[in-house]
Amino acid sequence: MAENSEYAIEMLGITKRFPGIIANDNVTIQLKKGEIHALLGENGAGKSTLMSVLFGLYQAEEGVIKKDGKEVQINNPNDANDLGIGMVHQHFKLVQCFSVLDNIILGVETVKNGFLQKDVARKKILELSEKYGLKVDPDAKIEDITVGMQQRTEILKMLYRDNEILIFDEPTAVLTPAEIDELMQIMKNLAKEGKSILFISHKLAEIMSVADRCSVLRRGKYIGTVNISETNQEELSKMMIGRDVQLVATKEDKTPGEVILHVENMTVPSKLHKNNAVKDVSFDVREGEIVCIAGIDGNGQTELVYGLSGLENITSGKITLSGKDITHASIRERSTSGMSHIPEDRHKHGLVLDYSLAYNLVLQRYFEPEFSSKFGFLKKNDINKYADKLIEQYDIRSSQGAETVTRSMSGGNQQKAIIAREIDKDPNLLIAVQPTRGLDVGAIEYIHRQLIARRDEGHAVLLVSLELEEVMSISDRILVMYEGEIVGEFDPKKTTPEELGLYMAGAKRKEVGA
Amino acid sequence: MVLLLQYTLLFASVLILVALGGCFSEHSGVINLGLEGIMVMGALGGALTLKYIDPSLPKIIIVLAVLLISVLCGAVYSMLLAFACINFKADQTLVGTALNLLAAAAATVIAKSINIIEDPNNVSSTVQYVEAKKALVVSIGKFQFNWFMLIAFLALVCAYMVLYKTRFGLRLMACGEHPQAADSVGINVYTMRWAGVLISGMLAGVGGIVYITAGVSEWKFENGVAGFGFLALAVMIFGQWKPVNIGLAALLFGFFRALSNVYSGFDFLAALNIPGSVYNMMPYIISLIVLAFTSANSRAPKAEGIPYDKGSR
Amino acid sequence: MSAEIKKTAEKESFLAKPAVQSIIASLLCIIVGLLIGYVALLFINAQGATDAIITIIKNYFTYPTKAAALKYCGNTLVKAAPLLMCALSIQFCYQAGLFNIGAAGQYVVGAGASLFCALKLGLPWHACLLAALVAGGVYGVFVGVLKAYLNVNEVISGIMLNWIGLYSVNMMLNCVKETASPYTVSLEKTNASAVLPSLGLEKLFSNNKYVTIAIPLAVIIAILLKVILSMTVFGYEIKATGIAKDAAKYSGMKEKRNVILTLFIGGALAGIGAAFLFLTGYEQWSVTQSSVPGMGFNGIAATFLGGLDPIGTIFASYFIQHITSGGSYLDKNAYPSQISDFISAIIIYLCGFVLFFKFFLNSRIVNKKNNAEGGNK
Amino acid sequence: GSKAPDASATTETSSADAKADNADASDAGEPESDIKVAMVTDYGDITDQSFNQSTYEACQAFCDENKLGFTYYKPEGDSTAERVAQIDKAVADGYNVIVMPGYAFAEAIVETAEMYPDVKFVALDVSEFDLEGESSDFNSETYPNVFSAVYQEELPGYMAGYAAVKMGFTKLGFLGGMAVPAVIRYGYGFVQGADAAAKETGASVELNYAYGNQFYGDADITAAMDTWYQGGTEVVFACGGGIFTSAGEAAAKANGKVIGVDVDQAATIDGKFGKGMTVTSAMKGLKATVNTLLTAIVGGKWDEYAGKISNLGLVSGDDTSLNYVGLPEETTLWNDTFKKEDYLKLVADMANGTIKVSNDTNAEKPSAENIKINYQGNIK
Ligand SMILES: Nc1ncnc2c1ncn2[C@@H]1O[C@H](COP(=O)(O)OP(=O)(O)OP(=O)(O)O)[C@@H](O)[C@H]1O
Ligand SMILES: Nc1ncnc2c1ncn2[C@@H]1O[C@H](COP(=O)(O)OP(=O)(O)OP(=O)(O)O)[C@@H](O)[C@H]1O
Ligand SMILES: [Mg+2]
Ligand SMILES: [Mg+2]
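Those protein sequences? They're chains Z, C, P and X, same order as listed.
According to the working numbering, the first sequence is numbered sequentially starting from 1.
According to the working numbering, the second sequence is numbered sequentially starting from 1.
According to the working numbering, the third sequence is numbered sequentially starting from 1.
According to the working numbering, the fourth sequence is numbered sequentially starting from 1.
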């Protein structure tokens with residue numbers, strides 16, 4: 001009696017517990033055939049967990065999953081695969097040293113006499129890539145290609161397996177605006193082909209533009225499902241957070257003061273290629289302004305920040321911080337001279353993941369007399385007290401307070417911890433690199449407010465962001481980077497995203513006097 | 001000259017086999033520090049086979065029997081590693097070290113017990129196999145060809161093919177690089193790691209018997225395999241976890257090892273009057289220097305040493 | 001809440017302490033290891049097995065007189081001290097994310113330096129100790145520099161340097177060996193001032209002349225390391241560098257310097273370990289040894305049995321030495337002397353399961369707690 | 001295999017010191033059960049195919065025959081402290097005769113002999129200089145309960161070297177185990193013998209000289225031996241435990257010859273590598289000594305040995321069966337240029353002092369006048 005059910009997938013009453021937390025509490029979502037169904041929720045709301053249950057990575061304690069109206073058991077990714085379910089994970093599951101092709105065929109290889117038949121696979125991949133407009137080089141190594149291309153690889157992985165149900169867990173968090181547009185188009189194409197898509201994103205605009213329906217989770221609980229055509233961003237964010245959220249940051253006008261950061265003809269070599277990643281760049285950041293470096297990922301922003309923070313040596317140029325030449329200063333010196341740095345990669349640089357939250361909160365200050373005695377002993381009590389203060393002040397949520405191992409905290413809260421640490425140092429210059437990446441709107445709102453507060457207190461903020469919306473809403477001045485150079489300087493009030501986009505893509509440039 | 005070649009190939013064969021063993025294990029994500037111990041166990045199995053087999057059997061049968069039993073012993077012993085490290089997420093360095101200590105002790109205890117059973121007055125841990133051992137070598141002129149040289153070469157070719165050309169190899173390496181990714185495409189990481197460790201056991205087991213039969217016709221198991229397992233590990237890292245490079249590294253290392261033993265046959269070397277100790281140190285010093293220049297971009301399998309936990313991401 | 005529930009709750013929280021769990025786990029390893037050893041003994045010779053296992057456990061208590069027992073208790077301690085130092089060396093580096101298999105070689109050069117200073121240069125014990133410290137440390141620095149600046153895997157360079165160290169020390173000590181034997185000349189006779197002082201400690205051990213301040217010093221060093229690792233800025237940095245090199249760099253720690261410094265300290269610990277043995281006169285160096293002394297490798301075992309904790313390692317080192325010494329009193333006609341090595345190897349193997357055991361214990365506790373809470377609701 | 005070369009000599013042998021008394025063991029006053037013999041090994045095990053093993057086998061055979069309690073102890077490691085520990089343990093376990101093979105026991109004797117005046121210590125290879133240092137004034141009162149036998153290994157070494165060159169070999173090799181005193185003495189004797197013979201025959205003789213640095217063979221040492229044999233070496237004196245395996249292995253490939261050590265190894269070596277490989281063996285009478293001493297102890301004649309250190313070598317120039325060192329008369333491959341008679345004459349000359357052999361153990365790296373020595377140090 002498997003009369004054609006309206007739903008491709010139904011997850012009914014799913015409950016999934018982790019030690020100390022109910023990640024999904026009786027959640028129900030139903031995915032119609034051929035629809036794009038968005039899943040929305042704060043960080044840690046349980047979206048990834050729910051999808052992992054669907055994909056067979058976790059087993060739910062309670063609840064049933066139905067495919068085409070029939071109850072199914074999904075005990076592992078193989079089962080999911082057999083049912084035609086594919087997933088693009090939040091953190092890509094790609095083998096870095098394999099080629100695109102190897103990654104795509106992994107697990108479903110064609111073999112003849114025990115040997116891989118890569119040519120057959122290559123043909124199929126090129127066909128798929130043609131059909132859906134997913135441009136990839138099958139023989140490039142993952143470690144050498146852009147994040148966008150990696151994502152296309154992930155999508156091809158699903159298509160290669162002829163999956164009918166596609167799960168995208170925060171696919172846009174790591175993409176450039178252009179790539180996002182591209183992805184949106186691809187998703188629409190896929191839906192048109194009859195595939196059913198589950199789509200997780202924190203970006204309401206995206207959801208509004210591609211999704212047909214949206215289900216909302218809050219703290220593990222199912223809140224409801226709405227038709228996108230019948231709702232708006234404000235309503236969605238209210239459903240998700242439980243209160244009104246200010247989606248666009250507001251700030252008072254302010255006249256910039258003294259120069260805090262002065263960069264002159266800075267050049268930074270690249271680790272990836274022979275050319276310099278940053279070429280002869282000069283600019284200033286003043287008291288009471290937020291300067292934003294905009295640009296498409298991979299145009300030297302990362303290296304620019306490495307050069308400023310001392311993670312990378314610069315080959316030429318001069319950096320001055322509050323009048324002090326720090327061109328050759330060590331990382332520690334820069335930090336103690338009043339520079340704070342919210343790093344791009346919070347897991348690699350920002351945190352010692354196996355340390356407690358308290359220890360991480362003093363990562364930049366543990367050596368100060370406040371936290372260690374003359375004889376080199378840590379003042380544990382003071383550290384804990386300080387941590388408790390920051391936790392309270394910045395609302396960092398974790399299961400065991402200051403004692404929590406940071407690895408077990410949610411990404412949003414990890415980010416909050418870093419921000420708390422860096423801001424509480426009271427720096428003259430705060431360098432924030434993509435501080436809101438992957439965070440929910442509530443958290444973004446919070447972080448934006450913090451950045452603006454720094455500015456309002458008369459300090460300098462250098463923000464590096466890939467998101468035009470963010471750039472436009474909080475910066476006082478925008479510098480666009482393209483291929484290692486600053487190709488334009490803008491006042492956000494006097495420009496449009498379209499104009500910025502042209503500069504970011506390298507189609508236009510104007511000379512900038514530093 | 002012939003001798004230098006012969007012993008270079010002989011030592012290289014041992015190193016190739018064992019290093020390839022390490023290579024399979026590490027590509028699956030398990031660091032196998034217990035190679036030394038596995039060698040001892042493989043050697044014990046092979047030595048006992050040689051001891052008890054009828055030396056008048058056709059040579060090929062003897063060679064195959066020895067090969068089979070060493071493979072088996074190595075594989076069985078490596079299960080201890082697989083079991084602890086894969087299923088119970090034990091620390092791989094620790095278990096590897098324990099296996100080395102255990103093998104040295106166990107092999108001696110076993111060899112002694114067997115000897116005592118045969119002859120209560122024979123309390124030695126020596127296993128003798130003079131007659132049967134002759135089956136392992138063929139003299140080609142002055143050059144003594146050892147069948148295991150061929151086996152090592154074949155192992156090298158196979159390892160290359162398996163790792164780079166087959167489904168198994170692709171999946172194995174995925175488990176050592178990114179087990180979560182492998183898991184998410186339905187590959188059973190535990191099974192693949194077991195396979196990797198078992199293969200490493202097989203190869204190291206053969207390496208063990210090759211080592212102890214390389215020069216003599218009896219072996220005293222108290223002496224273990226004198227650090228060869230660790231050398232093989234060095235060769236593996238030196239060879240950047242790639243079969244072809246491992247082959248070359250093993251040859252280089254084997255060459256210096258052989259040279260330190262046969263240098264007196266070269267008049268110009270003998271004339272230099274360099275102390276023997278210097279020759280003995282040579283292989284280590286040379287590889288250290290080479291490593292210093294080549295390691296900058298060295299990359300171990302990313303996930304090696306980290307127990308795979310389905311839950312973590 | 002009834003008193004009973006409270007009591008079980010207390011018990012659980014006691015069991016939930018990591019230190020308690022480590023101890024229970026280590027004890028479990030020991031018990032299971034001894035059991036397996038017993039089974040092996042039964043296999044080899046069923047009659048004497050019980051006696052044999054008791055002999056191993058009794059070690060010096062097998063001597064009939066208290067005086068002799070004390071004396072040989074001293075011997076066990078004398079050997080446990082260097083073992084502890086090697087274990088600490090490996091552990092310290094392990095905390096910093098480095099597997100210092102080179103401890104064996106650092107031990108060797110420590111022995112070489114201390115004996116050379118004592119026998120050839122006639123220096124007093126403190127100078128010899130210092131020489132061992134520096135030699136071991138510098139030898140560790142080789143590994144560190146190769147690692148920090150040239151990305152050479154520390155396991156490999158460690159193994160290579162072990163051998164290089166062995167041959168070099170053999171050559172170096174050739175000048176202070178006895179004319180008619182491969183041993184270095186007697187420390188006591190050649191340079192009594194180089195023998196570590198005992199401060200009267202030997203009186204506690206039936207005048208065992210090998211009992212010196214090395215033993216208490218080793219324990220003190222262990223405690224010191226515990227303090228350094230868990231309570232100081234330096235420990236904080238070292239561990240951060242070990243767990244997250246990039247984060248350490250980001251926070252301004254000098255991660256290269258830390259790697260090198262860690263290996264210096266690790267090497268120094270192993271070097272001192274050697275001095276702790278050779279400067280008692282307990283052992284003479286044999287310049288013809290062709291394999292690296294096992295002390296450094298055994299340290300790996302002791303560290304893990306000690307739950308990667310300096311204090312635990314004190315007990316673990318003692319225990320391993322205890323059963324090793326005990327094994328030498330086995331009836332050699334019935335059992336191969338390697339059986340005690342066999343038992344310690346089994347115990348070390350079982351240490352691998354400690355993590356799982358702790359996990360098991362924890363999940364039991366959590367389950368119980370959940371059940372209890374569920375019941376209360 | 002004829003493991004006990006001078007077994008014939010053994011049972012009835014009386015050492016130089018014991019010559020006067022040839023009393024039978026059976027009329028001993030004490031009951032047999034009072035005597036319990038313990039052997040303590042040095043750094044090797046009783047399986048070293050050398051010192052420890054020969055001693056062990058001799059003790060065990062004797063004790064079995066005479067129904068004496070016997071066991072052996074193996075120290076935990078290679079140190080005086082650990083050897084003392086086992087001696088203490090043996091005494092504590094009620095053993096009153098301690099047999100200790102190896103010069104390494106000197107210190108241990110110094111530490112324990114006085115402590116246990118009622119225990120009889122039988123040491124092998126421990127010289128007075130080992131005990132007392134260079135300026136020894138050793139006398140029978142120094143250690144009244146210790147007897148030590150030191151062998152003049154240089155003598156059989158000399159005989160072997162002399163024989164080899166006389167037999168016509170011109171390219172020799174000496175492969176020592178480790179450079180320990182006994183091995184060094186063998187080697188130095190070997191060089192002197194070859195040197196003397198070369199002087200007589202006028203042949204130009206070359207001698208490769210190296211230590212394996214271990215008492216067992218392996219691929220490395222076989223490789224070195226292959227180099228020797230294939231480089232023209234005709235005969236190698238494999239001097240140390242099981243190291244002959246490497247020499248034999250290499251010799252077999254090149255039709256080379258081997259000289260055995262300690263006991264008549266002809267059967268062992270030939271059995272493994274083919275008939276006629278073993279030219280001769282440089283032997284010393286370990287078993288004889290053990291038997292003599294234990295017989296004396298059982299027979300209540302300990303006093304004749306107590307407190308003494310005997311230099312065991314040649315006793316008689318005529319009756320070789322009385323000697324503690326020599327070449328095997330049965331299995332040596334005598335030929336026209338070196339007949340058994342020549343050997344007997346050599347022994348006589350050595351016994352009467354016509355031929356003097358130096359036992360300088362400092363000569364780890366020996367030199368000679370008439371032959372060319374290629375010293376190669378340690379192979380490993
Ligand atoms: N393996 C795990 N063990 C324990 N707790 C977990 C585990 N995985 C997830 N959690 C917890 O479950 C909750 C939900 O996590 P989930 O990953 O589903 O959140 P999310 O909605 O995807 O968040 P984000 O927007 O940050 O991706 C979190 O509180 C998290 O701490
Ligand atoms: N082993 C674990 N134990 C407890 N919680 C875990 C564990 N692994 C993951 N989590 C939790 O699962 C949640 C989701 O993890 P995920 O890696 O998806 O991070 P995230 O919150 O989405 O971060 P990001 O924003 O960087 O993507 C996090 O809240 C994290 O705390
Ligand atoms: Mg998520
Ligand atoms: Mg996220």
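Don't read these hints as lab results, they were simulated from the structure.
Check the hints yourself; a few may be wrong.
[Stated by the list, open to error] Computed cross-link-like contacts, EDC-like style, restricted to lysine to aspartate or glutamate with a CA-CA straight-line distance of at most 20 Å:
1) P/Lys209 <-> X/Glu57
2) Z/Lys348 <-> C/Glu304
3) X/Lys67 <-> X/Asp78
4) Z/Lys348 <-> Z/Asp25
5) P/Lys245 <-> Z/Asp25
6) P/Lys254 <-> Z/Asp79
7) Z/Lys66 <-> Z/Asp25
8) C/Lys310 <-> Z/Asp79
9) X/Lys345 <-> X/Asp360
10) P/Lys332 <-> X/Glu330
11) C/Lys134 <-> X/Asp270
12) P/Lys245 <-> C/Asp119
13) P/Lys256 <-> Z/Glu312
14) C/Lys51 <-> X/Asp270
15) P/Lys332 <-> C/Glu304
16) Z/Lys348 <-> P/Asp331
17) X/Lys356 <-> X/Asp318
18) P/Lys358 <-> Z/Asp354
19) P/Lys245 <-> Z/Asp79
20) P/Lys189 <-> X/Glu132
21) P/Lys120 <-> X/Glu330
22) C/Lys302 <-> Z/Glu143
23) X/Lys36 <-> P/Asp246
24) C/Lys302 <-> P/Asp246
[What the hints assert, rightly or not] For the chain X half of the interface with chain P, some residues (derived, Cβ under 7 Å), not all of them:
25) Gly69
26) Thr71
27) Ser79
28) Phe138
29) Asn139
Glycine included, C-beta positions come from ideal geometry on N, C-alpha and C.
Here is what the structure says about each hint:
1. With a CA separation close to 35 Å, the supplied pair P/Lys209 and X/Glu57 exceeds the 20 Å bound.
2. In summary, the hint linking Z/Lys348 to C/Glu304 is supported, as the alpha carbons are separated by about 18 Å, within the 20 Å threshold.
3. Among the hinted pairs, X/Lys67 with X/Asp78 is inconsistent with the structure: their alpha-carbon atoms are about 31 Å apart, more than 20 Å.
4. Taking the CA atoms of Z/Lys348 and Z/Asp25, the gap is about 32 Å. The hint is violated against a cut of 20 Å.
5. Of the pairs offered as hints, the one joining P/Lys245 and Z/Asp25 is violated, with about 38 Å between alpha carbons and a cut-off of 20 Å exceeded.
6. For the proposed pair P/Lys254 and Z/Asp79, the alpha carbon gap of about 48 Å is over 20 Å, so the pair is violated.
7. Using a Cα cut-off of 20 Å, the hinted pair Z/Lys66 and Z/Asp25 holds, with the two alpha carbons roughly 18 Å apart.
8. For a cut-off of 20 Å, the pair hint linking C/Lys310 to Z/Asp79 stands: about 16 Å separates their Cα positions.
9. Taking the CA atoms of X/Lys345 and X/Asp360, the gap is about 24 Å. The hint is violated against a cut of 20 Å.
10. Our distance criterion of 20 Å between C-alpha atoms is broken by P/Lys332 and X/Glu330, whose separation comes to about 36 Å.
11. About 15 Å separates the Cα atoms of C/Lys134 and X/Asp270, which keeps this hinted pair within 20 Å; it holds.
12. At roughly 59 Å between alpha-carbon atoms, P/Lys245 and C/Asp119 are farther apart than 20 Å, so this suggested pair is violated.
13. Distance restraint check for P/Lys256 and Z/Glu312: the Cα-Cα separation of roughly 14 Å lies within the 20 Å cut-off, and the hinted pair is therefore satisfied.
14. About 18 Å separates the Cα atoms of C/Lys51 and X/Asp270, which keeps this hinted pair within 20 Å; it holds.
15. Distance check on the hinted pair: P/Lys332 and C/Glu304 sit about 42 Å apart at the alpha-carbon level, beyond 20 Å; violated.
16. As the CA atoms of Z/Lys348 and P/Asp331 are separated by approximately 57 Å, the hinted pair breaks the 20 Å bound.
17. The suggested pairing of X/Lys356 with X/Asp318 holds, with an alpha-carbon distance near 17 Å, which does not exceed 20 Å.
18. Only pairs whose Cα atoms come within 20 Å are accepted, and P/Lys358 paired with Z/Asp354 is accepted, the gap being roughly 18 Å.
19. Between the alpha carbons of P/Lys245 and Z/Asp79 the distance comes to roughly 39 Å, so the proposed pair goes past 20 Å and is violated.
20. At roughly 11 Å between alpha-carbon atoms, P/Lys189 and X/Glu132 fall within 20 Å of each other, so this suggested pair holds.
21. About 50 Å separates the Cα atoms of P/Lys120 and X/Glu330, which puts this hinted pair outside 20 Å; it is violated.
22. A C-alpha spacing of about 13 Å is found between C/Lys302 and Z/Glu143, which places the hinted pair at or below 20 Å, so the restraint holds.
23. With a C-alpha separation of about 68 Å, the suggested pair X/Lys36 and P/Asp246 falls outside the 20 Å cut-off, and the hint is violated.
24. In summary, the hint linking C/Lys302 to P/Asp246 is supported, as the alpha carbons are separated by about 16 Å, within the 20 Å threshold.
25. Below 7 Å, beta-carbon pairs count as interface contacts, and X/Gly69 has none with chain P, the closest being about 11 Å; its hint is therefore violated.
26. Residue-level restraint check for X/Thr71 holds (minimum Cβ-Cβ distance to chain P is 6 Å; threshold 7 Å).
27. Restraint check, X/Ser79 versus chain P: the minimum CB separation of about 4 Å is within 7 Å; hint holds.
28. Contact between X/Phe138 and chain P, as hinted, is not supported at the beta carbon level, the nearest pair being about 15 Å apart and thus beyond 7 Å.
29. Residue-level restraint check for X/Asn139 is violated (minimum Cβ-Cβ distance to chain P is 21 Å; threshold 7 Å).
The structure shown violates the earlier hints numbered 1, 3, 4, 5, 6, 9, 10, 12, 15, 16, 19, 21, 23, 25, 28 and 29.
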